[in-house]
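2 protein chains.
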Amino acid sequence: MKASSAIKIVEQHLTKERFEHTLRVRDTALELARLYQEDEETVELAAIFHDYAKYRPLDEMKRWINNSYLPKDLLDYHHELWHGPVGALLIEREHGITDSNIKSAIHCHTTGKANMNKVDMILFVADYIEPGRNFAGLEEVREQAKHDLVKSAWLVSRNTINHLMSKNNTIYPDSFYAYNDLSRKVNGGIQ
Amino acid sequence: MKASSAIKIVEQHLTKERFEHTLRVRDTALELARLYQEDEETVELAAIFHDYAKYRPLDEMKRWINNSYLPKDLLDYHHELWHGPVGALLIEREHGITDSNIKSAIHCHTTGKANMNKVDMILFVADYIEPGRNFAGLEEVREQAKHDLVKSAWLVSRNTINHLMSKNNTIYPDSFYAYNDLSRKVNGGIQ
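So the protein sequences, as listed, match chains C and E. Okay, so the first sequence: first residue is 6 according to our numbering, each after it adds one. Okay, so the second sequence: first residue is 6 according to our numbering, each after it adds one.
With the rest of the complex left out, here is chain C (with noise of 0.2 Å):
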């Protein structure tokens, strides 16, 4: 699918905010994409499509998640997670989308996982660090990114973690396994 195809889709199925953030994320993955010399096309439609499935009505996610490949302990945490898993099998169901890569980087963008590859790094950092985003913690994620894809995806991971934990959420599994995988790639060996 070409990204302008992508882009009208997308438009249909989010506010405006929310697809201004969309485009932002997407010029930022793209940056990222040059930097780091991953698969510019692959990037930019998994950013497009990131938040897909976000306005959907909370039954309906449920439904998918109930009926289909995606793990069931999703329903076990807050609805906020849902929408990227939901969203990977959405583009495959409604628009034909197979791609692993960008079916992957969209269903962990939210949480991050363990053994994240690039592209997955990539909308995940990409996500958090948008020039519409402001706080606490941002610029050194993005001073970060500049130089090393995988401790910038650290920070965010360890950031999200901290900010849960200061709202006294509960965490879901993927986001530390995500913070311990990538503590020992940026920390190495054994912490």
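Among these hints, one or two may not hold up.
Copies of the same chain look alike in the list, so a pair counts if it works inside one copy or between any two.
Derived SDA-like pairs: lysine to any residue, alpha-carbon spacing no greater than 25 Å straight-line [unchecked claim]: (1) Lys172 <-> Leu154; (2) Lys190 <-> Thr20; (3) Lys156 <-> Phe140; (4) Lys118 <-> Ser105; (5) Lys151 <-> Ser171; (6) Lys118 <-> Tyr182; (7) Lys190 <-> Gln149; (8) Lys77 <-> Pro178; (9) Lys123 <-> Asn174; (10) Lys21 <-> Ser10; (11) Lys118 <-> Asn167; (12) Lys108 <-> Ser10; (13) Lys118 <-> Asp81; (14) Lys77 <-> Lys190.
Honestly, the hints are just simulated from the structure, not real lab data.
We have chain C already, so just place chain E on it with the hints.
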């Protein structure tokens, strides 16, 4: 086994400082057992033996993990996590203690786990708040332990993960399972 015999045994295996910590954990755990109406004999033996394996050589602990029912993934994490599970194994092998409550509490006293029972939580909390400890956030846990065992265990779990993450350490999965499980019990429902 009588508490007095247990004390004589562990004294041989610990440094003087660690032995004194053990006696303070025993006293604190007994206070919590009375407060929360748990069996004092069980709690006392768990507390006395909780650091039993603390000074075993690393290669011996590694051997026990490799050649027993203990989870092998312990070896992928910091060796500081090994003495609980190995201690639970060794008090049975070396002293015939098979009580599953005692073994479970010792096994998980460093990390916690999902679905801790009252003995597990009493040891987990007592080890953290015994009067010889002194670090940020401790008074809140000590205060909470007088009123709500689950909430105080949740604070121990949260503070411990925060502390490890501030040092960029990896986090053993049982620590997260404990945090998520206790968060749900304390804060209710899906967060």
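How the hints compare with the structure:
no. : hint              : result
1   : Lys172 <-> Leu154 : between (27 Å within a copy, 21 Å between copies)
2   : Lys190 <-> Thr20  : neither (37 Å within a copy, 35 Å between copies)
3   : Lys156 <-> Phe140 : within (19 Å within a copy, 30 Å between copies)
4   : Lys118 <-> Ser105 : within (15 Å within a copy, 34 Å between copies)
5   : Lys151 <-> Ser171 : between (28 Å within a copy, 23 Å between copies)
6   : Lys118 <-> Tyr182 : both (6 Å within a copy, 16 Å between copies)
7   : Lys190 <-> Gln149 : within (15 Å within a copy, 38 Å between copies)
8   : Lys77 <-> Pro178  : both (13 Å within a copy, 19 Å between copies)
9   : Lys123 <-> Asn174 : between (28 Å within a copy, 23 Å between copies)
10  : Lys21 <-> Ser10   : within (17 Å within a copy, 72 Å between copies)
11  : Lys118 <-> Asn167 : both (16 Å within a copy, 20 Å between copies)
12  : Lys108 <-> Ser10  : within (17 Å within a copy, 60 Å between copies)
13  : Lys118 <-> Asp81  : both (17 Å within a copy, 17 Å between copies)
14  : Lys77 <-> Lys190  : between (29 Å within a copy, 20 Å between copies)
The earlier numbered hint that this structure contradicts is number 2, and it is the only one.
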